[in-house]
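Engineer: Line by line, the protein sequences give chains W and S.
Take the first sequence: its letters are residues 1 to 219, numbered as in the working numbering.
Take the second sequence: its letters are residues 1001 to 1212, numbered as in the working numbering.
Treat the hints as calculated values from the structure; they're not laboratory data.
There could be a bad hint or two in this list.
Distance ranges between label pairs, derived from CB positions [said to hold, decoys possible]: (1) S:1110 - W:171: 30 to 38 angstroms; (2) W:202 - S:1086: 25 to 33 angstroms; (3) S:1113 - W:77: 50 to 58 angstroms; (4) W:77 - S:1092: 41 to 49 angstroms; (5) W:142 - S:1041: 42 to 50 angstroms.
Glycine is no exception: its CB is placed at the ideal position from the N, C-alpha and C atoms.
Residue strings, one per chain:
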Amino acid sequence: MRRNALRGALALTALIGLAGCGTASASPPSAGHAASIAVSLHVVPTIRSVTVSPATAKFADCRGGTASLNTASTPTALGYPNGRCWLGRPGTAFPITITNTGIASYIYVNGSNAVPSDSGNQWSLCNPGDNATVACTSEKGILPGQDQYVVANFSPSRGPTAAGLTNTPACDTGFGSGNSCWTTYGQSQREGIGLTGPSISDDSSTSWTVTITWTPVPK
Amino acid sequence: MYLRRLVAALLAVPIAFALLSSFPVASEASIGVGVQAGPVRLGGVAHPGGSYALPPVYVVNTGTEPELVGVRIDRLSRGAGRPVPPSWVRAGPSVQLAPHGAARITLQLIVPGDAGTGDYLSDVVAYGSVRISVGQANLGVAAATKLQFHVGPGAVQGFWPAVPAPAVWAAIGLLLLAAAVLGLRRAGYQIRVERKTAGHSSTDLEEGHIEA
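Let's have the full structure, built from the sequences with the hints guiding it.
Structural biologist: Below you can see the structure in the form of structure tokens.
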């Protein structure tokens, strides 16, 4: 009886030992037969990618314009001349989240022409100040002129840049440290947008669309 | 009665949770575009006047919405090398991609006859046509990878570099066949294919004769 129990315990120990040795010792290959094992390997992503996810928000807190001409801004509508609106609010609200979902890259950002709902005359981007890519033509280059506008992004670490965005992608300084805009996988940034409208518009549309694009760029 | 209410209350919580968690997309919609990290490089040296198939570029939709993804040529990367004029590269059509779907887009490099020699550097920029709106701002995404090649001196050598290898082999095969047929006819041989009426064995249905 005791011998049977001992035999059983030995058999169980042998089974556990074999199982612990894994695939290699479980069934040694007989001569002339190939043996293989399948192993899975995870590798790092090899794509460069960015993802943008907005929270529900709209251009608001609009100010400026001329009340006596009935073209002053309302809280949600841009006025003339040179009304200003915000999507989010510098220092407090950042409704757009941009995430680097690929390998380490620079994150560039660019604007584009504002398009009216009637597909008529567009507003082009301009940049206030001395180092403008496209100079603004009102108030000695400080404010957008006819059919011009300025759009700038801002983040918790950096307010809206005075120069604003251009049509050409450029380093988004809201990312990274200093002016580098260098990001690594998974790094994200919350941002908002500020917009200054034209002195006057050729097109009488009351609805306009602007497009901001983020692009990861190799080193 | 009390027990029934208790069971109903206990069931209501997980059911409500399940219903709420089945609509995450609406609140977390995102757009995203990815491109291969490795640069698009021409295997050999290009020559003025030549046309070359570049390796197709891998693009992926990393957002939660279906997206039409296309590519364009733009100089964004820093580094030495002449910028590639966008008109030199003919990209394949845009591809419709489901969320997390991927595809390859073909690229053809056409170097004009008066192209300058040296290294060229630009970027293949994958962009999505879908834009997500917040307020009246459209948000767009794109992703860039380097495009690199070298243009060497001298015009392209004949017709071969402009044509893909399978087409070259097919052309060679056709030429050999035509030469063989011509040779046989000149030597006085004729190839005739006859079809006989039904009732014969299948081997008799088609016969080739070579007559002197």
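Engineer: Could you run down the list of hints and mark each one as holding or not?
Structural biologist: Quick rundown of the hints versus the structure:
1. S:1110 - W:171: 30 to 38 angstroms: About 32 angstroms separates the Cβ atoms of residue 1110 of chain S and residue 171 of chain W, which means 30 to 38 angstroms holds.
2. W:202 - S:1086: 25 to 33 angstroms: Between residue 202 of chain W and residue 1086 of chain S, where Cβ atoms are some 30 angstroms apart, the hint holds.
3. S:1113 - W:77: 50 to 58 angstroms: holds, 55 angstroms
4. W:77 - S:1092: 41 to 49 angstroms: holds, 43 angstroms
5. W:142 - S:1041: 42 to 50 angstroms: Since the Cβ atoms of residue 142 of chain W and residue 1041 of chain S sit about 46 angstroms apart, the hinted range of 42 to 50 angstroms holds.
The structure shown violates none of the earlier numbered hints.
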